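Asker: Let the hints inform the model, and build the full structure from the sequences given.
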Amino acid sequence: MAYSKPIHAAVLTFSCFAEGHVGMKIEQNQIAKDGKNKPLYPHDLRAIAKKLNTTADRCMTYNLGTGQDGEPVAEVMVLKDGMLMLDVDKDKLLYEIQNIPIADKQMLNTRQNKVMNKHKRHNFNIGDKIISADIANGQSTLYNFNCTFLSEAKKLRDAFTNLAPGDHTMKNLLAEANIYYADEYKKNNYCGIGYHGDAERPRSPVIGCNVGNTRYLSFRAFYKNRYFNDHETRIKLEHGDIYFMSGHAVGVNWKKSAQVVFRHRAGSLKFLEKDDKDRQRRWALAEKKANAKKSNASDELEKKRKKDEVQVIDYTEDVVRGGKKYKKVVTYVPMVDLT
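Those letters in the sequence shown? Residues 64 to 402, by the numbering used here.
Derived by calculation from the structure, the hints in this document are not laboratory data.
Quantities reported herein were computed from a predicted structural model and do not represent experimental measurements.
Misleading hints may appear alongside valid ones.
[What the hints assert, rightly or not] Here are the computed lysine-lysine pairs in the DSSO-like style, where the Cα-Cα straight-line distance is at most 27 Å:
hint: 1; residue 1: LYS68; residue 2: LYS234
hint: 2; residue 1: LYS168; residue 2: LYS183
hint: 3; residue 1: LYS367; residue 2: LYS357
hint: 4; residue 1: LYS68; residue 2: LYS217
hint: 5; residue 1: LYS299; residue 2: LYS218
hint: 6; residue 1: LYS101; residue 2: LYS319
hint: 7; residue 1: LYS183; residue 2: LYS357
hint: 8; residue 1: LYS183; residue 2: LYS68
Answerer: Structure, rendered in structure tokens:
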């Protein structure tokens, strides 16, 4: 039985790690197990481009830098129709993904310890053994690159081994397949994933291989969970394109809000447009609530100030008792509106 939903696009992300969904089991290749994994640096990207001996219009490099002093260089290099350069049949690779026996449509929500349906993307992993999914216990589907129905995926993996720059090793990388599906039963389907980082891929090459319809990869710098600046790097990915991310672009530390970090998102153009609107709406609502809370706190302070400013007036008045006059001290507190 093949994957049942029509595919809009799919991406195989190669690295030393593979994770079906955040919180689920992370597979590691032998390089990671031996502690020899390391990320790609900008000079590694240039070395890869030099090995391929490609032209500028086929190899595009995007610098994500924010201009901060001492900031590591973050780059993404895109090989247009890169699969052709590596002698990989992009149509056959798409066919392999479309006809995969099983793709995971559920994930384990570790916060609630509950199995839930996946709406962002569907996925499966590829490595050096076969493991059936056990979602309730955090295990995603894992296929073996040696499966006959994944021959083109294996060819792609082997090509990266030969492409490794300098003393870098990209041997036996794992792959995480993410499927951006099209749902013919919905009038508007916006399958994609919002801004995030790849915390599950520390110190590792990260290589994305796009097949199917046009998909977009968008990068932004964040600070305190808001845009750090107005700059967005939006990369158009077409059928057969391959992209390489330098270590700082991967966004391993993306959850650290007290420092400037890079996050990325992916999906169709419609998804990106909807994601922008949803985010602005959420941020506007959060700001409104924060302002209301601040206003309430200000009102309470004003009431306290008025109370503190109430004047207590002492004066004397004559009191006659038993035919004798006395001086009585009277304390008077003026009425003040504290509402």
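Asker: With reference to the structure, classify each hint as holding or not holding.
Answerer: Evaluation of the provided hints:
1. Restraint check for LYS68 and LYS234: the C-alpha separation of about 32 Å exceeds 27 Å, so the hint is violated.
2. Simply put, LYS168 and LYS183 have alpha-carbon atoms about 10 Å apart, close enough for the 27 Å limit, and the pair holds.
3. A hinted pair counts as satisfied when its Cα atoms are at most 27 Å apart, and LYS367 with LYS357 qualifies at roughly 15 Å.
4. Using a Cα cut-off of 27 Å, the hinted pair LYS68 and LYS217 holds, with the two alpha carbons roughly 24 Å apart.
5. Distance hint between LYS299 and LYS218 is fulfilled; the C-alpha atoms sit about 24 Å from each other, no more than 27 Å.
6. For the proposed pair LYS101 and LYS319, the alpha carbon gap of about 21 Å is at most 27 Å, so the pair holds.
7. Pair hint LYS183 plus LYS357 does not hold up; C-alpha atoms about 35 Å apart against a cutoff of 27 Å.
8. A distance of roughly 14 Å separates the Cα atoms of LYS183 and LYS68; the hinted pair therefore holds under the 27 Å criterion.
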